[in-house]
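With chain Z held as given, fit chain A onto it using these hints.
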Amino acid sequence: MIRALAVALKELRQIRRDRRSVLIMLFLPAFFLFLYGYALNFDIRHVALAVQDRDDSVDSRELVAAFTRSTYFDLVDTVRSEADIEDLMNRGHVRAVLVIPEGFSREVQQGTVAEVQIILNGDNANTATTVLGYTNAVLGQVAVTLGRRPDVRLIGVEPRIWYNPELRSTLFLVPGLIAYISMITAVVSTALSIVREKENGTMEQVRMAPISTSAFIIGKTLPYLVLSQVSALLVIIASMWLFDLPMNGSWLDLSIVLAVFLVGALGTGLLVSTVAETQQVAFQAAMLLAFLPTFMLSGFIFPIASMPIGLQYITTVVPARYFLIALRGVVLKGLDLAAIWADLAALVAYAFAVLALSALRLARKTG
Amino acid sequence: MSAGPAIRVEHLTRKFGRFTAVDDVSFDVGRGEVFGFLGANGAGKSTTIRMLCGLLTPTSGRAAIDGIDVGSDPEGVKRRIGYMSQRFSLYELLTVDQNIRFYGGLYGLEHARLEDRRRFALEMAGLNGRENELARNLSGGWKQRLALGCAMLHEPPLVFLDEPTGGVDPVSRRDFWRLIDDLSRRGTTVLVTTHYLDEAERCDRVAIIHAGRLAAIGTTAELKARFADRPILEVRSPDPVAAMAKLDSLPTVEKTSLFGTTVHAVLRQRTITPEEITAALVGAGIQVTSLSVVTPSLEDVFLDVVDRASSKGAAA
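Quick note, the sequences are listed as chains Z and A, same order.
Just so you know, we're using the working numbering here: the first sequence kicks off at 1 and counts up by one.
Just so you know, we're using the working numbering here: the second sequence kicks off at 1 and counts up by one.
Keep in mind that the hints were calculated from the coordinates and are not lab data.
From a predicted model like this one, the values you see are computed outputs, not experimental measurements.
Treat the hints with caution; some may be incorrect.
To be verified - Distance windows between CB atoms, simulated:
#1 Z:A356 with A:D116: 39 to 47 Å
#2 A:D24 with Z:Y313: 45 to 53 Å
#3 A:E75 with Z:A356: 54 to 62 Å
#4 A:D69 with Z:V230: 21 to 29 Å
#5 Z:S212 with A:G67: 22 to 30 Å
#6 A:D24 with Z:T278: 30 to 38 Å
No residue lacks a Cβ here, since even glycine has one placed at the ideal position from N, Cα and C.
Just chain Z, same shape as in the assembly (with noise of 0.2 Å):
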C-alpha cells in the first residue's frame, strides 16, 4: 500500500509540472465541448419557407402564419405556379415549400382531414427530417386551432416528444458529447503515462523494485481517475450552463455512473499501454480506440437501430454505448440506479474484461 501511494503521490507531482498532461485533462474537454456542442446543433431555426396558397381563404392564412410564428420558418416568398417551386429550390432560395390546395378551408369546416403537401430540400438528410419534424409540430398546433370542436383531429399528426419537448438536439447531444470527451481524456491520459515511463526507462526502473504490477498500476490509474471524474463533472457543469441541460437525478448516481464507466475507460487506456511503445503509436491507438467507436457506435449520433445488424452486434463492446443510455437516464429522465441497472453492470462488466485483459498482457511480459 506505501508503494501504490508512492506511486500515486508520484504521479501527481508530475502531472502538476507537466503542463501537456494538465492542458489535456482540464482544458482539452471543455474546449472540445464548446467546439462540438455549438457545431454538432442539429436545430435549424429560420428555414427559408416559400408558400403556394392555392386556397387562399382566412384558415389558410392562418396556417401560414403558424409558420412563422413558429421562429422555425421565415416566410421569404409565395409562390404561383409549380414551375417556381423547382426554380425556388433549385437557386438554394428557399430550404421548403408549404403547398395548401384548394379546398383546405373547406375540409376544415367540414371536420375531415385537410391535407397540405410540404416539399423540402433533401440533399442534407439530417436536416430535411428536422424539418420535416417541425411541419408535424406546426401542423398538430394549428389543427388545435382551427379545430372547431376539441376532438376532431384536422392535420393528421399530434407529435409529442417526451423529455425534449422543444425537440433541441442538444439535449440530445450532450450526454454523448461527455461521454466522447471523458474517455478521450481518460483513455488519453492513461495510455500516454504509462507509454511515456516505458520511453523515458523509468519503466524498467520500477519492474526492477518489489512492487507489484496491481500495486503500480493502482498508483499509477488513482491520480487519473479522480482528475477525470472531475474533469467529466466539470463538463457535465459546463453543458448545463451553456446548454441548459437538466439535472432531473441524484448527483450521487451520476457519480456513480461515472465513476465506473471511467474505470473501464482508463482499462482501456492502461490497454493500450500494453501494446504501444512510443507515445504517438499510444496517441493515435488511443484516439481510434476511443473516438471512432464511442463517436460512431454508441448512438451518440447514429441510432444504433439504424445501423446494419453486424455493427449492431459490435455496439455491444462499445462502454460508451451503455454509458449514454445510463446518463439520460438520470440527467434527462431522473432514473435511479435500479432502472439502469442493467447498463450500470455492462459497464462493470467491460472495466473487469480491460483490466483482466492488461493485467494478462503485462504478465506475458514478464514470462
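Same frame as chain Z, but now just chain A:
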C-alpha cells in the same frame, strides 16, 4: 545473510522463438567482487541481467542471487538488488528530493529509514543543497550519481549496473568508478556491463560474452595470459593499411588488427623476433616508424576471444 557466492549462474539459457539469446552460461560471482560483463550489443548481456533480476524467466538452467532462486522467488531477489541502467531512469519532472522519496517509497522504506537513506543518497551523489532542483536540469554525471544513489536506497547487498557510464564525460566516469570501488570495499557486490575496456580493466574479474555464450572469464591478468606464447607487436607506420596487408601475408603472423593509426600483430610463437618482422616490412618497401613488443590490452583479449569464438561457431 547466507553463505555462498553472491551470484550463482548454472547453465542459464534463454530462447526467443528459434533465436537463442543466452546459451548455457555458467559462472559465480563472489561477495564484494566487482564483476565486469563485456560483450558487443546483442551478445546477450542485457538478457542475462534481466534474468538475474527476475524480469525474464529462463528457458532452462537456473540462477540464484544471494542464495535465492530467481525463478521461484523473483520478489525476494528484487529486494536484494539495486539496478541502474545507462538511461539513469529518473523522473525528469520531479526534483532530486522527490525522485529519492519516490524510489524509497517503491522499496517500501518507512519514514525514519527513508530520511536516513535520503541523506545517504544525497551525500553519495554530492547533491546536498540541490535537493529542490529538477532532475532534468542536472548534467549527465550528476544524474548518473543520483540514479546510483536511488538504486542503493534499500541497501541491497548486490547492485547491477547496465552500461552505467554511457554518455558521460571522462571526469564523471572516473568519479563514478570511485563510487563503485567504495561500494565494493563496503562489501557490496557489483555486476557491471560496459563497452569501455579501460573500465573493464578496473574490475576484479571479467566475463566476455559472445553470441549468447560465455567466451572467456577470469581476472584481467588471467585473460591476458592467453597471449603468453603469442607476443603482440605494435607497429607504427606512415601507411598502416599497407603495413597491415604485408603483416597478414607473413606466415609468422597469426592475425592483425588496427588500433587507430597503429597496427597490432599477434605472432605465432615466442621465438620470433621483432627484427625479423621489421626486415620483412622494410624489404617490401614499407616505412616503419617504430616496432615493439607490447603487453596485451584487454582490447586485444576481447578481439582475440571474439575471433576465436566466431571461427569456432563457423566451424561448428
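How the hints compare with the structure:
1. Z:A356 with A:D116: 39 to 47 Å: Hint holds: Cβ distance 41 Å, inside 39 to 47 Å.
2. A:D24 with Z:Y313: 45 to 53 Å: At roughly 52 Å between Cβ atoms, Y313 of chain Z and D24 of chain A fall inside 45 to 53 Å, so the hint holds.
3. A:E75 with Z:A356: 54 to 62 Å: 22 Å Cβ-Cβ, so the 54 to 62 Å window is violated.
4. A:D69 with Z:V230: 21 to 29 Å: 46 Å, violated
5. Z:S212 with A:G67: 22 to 30 Å: Since the Cβ atoms of S212 of chain Z and G67 of chain A sit about 23 Å apart, the hinted range of 22 to 30 Å holds.
6. A:D24 with Z:T278: 30 to 38 Å: The hint (30 to 38 Å, Cβ to Cβ) holds, given that D24 of chain A and T278 of chain Z are roughly 35 Å apart.
Violated hints, listed in ascending order, are 3, 4; each of the other numbered hints is respected by the structure.
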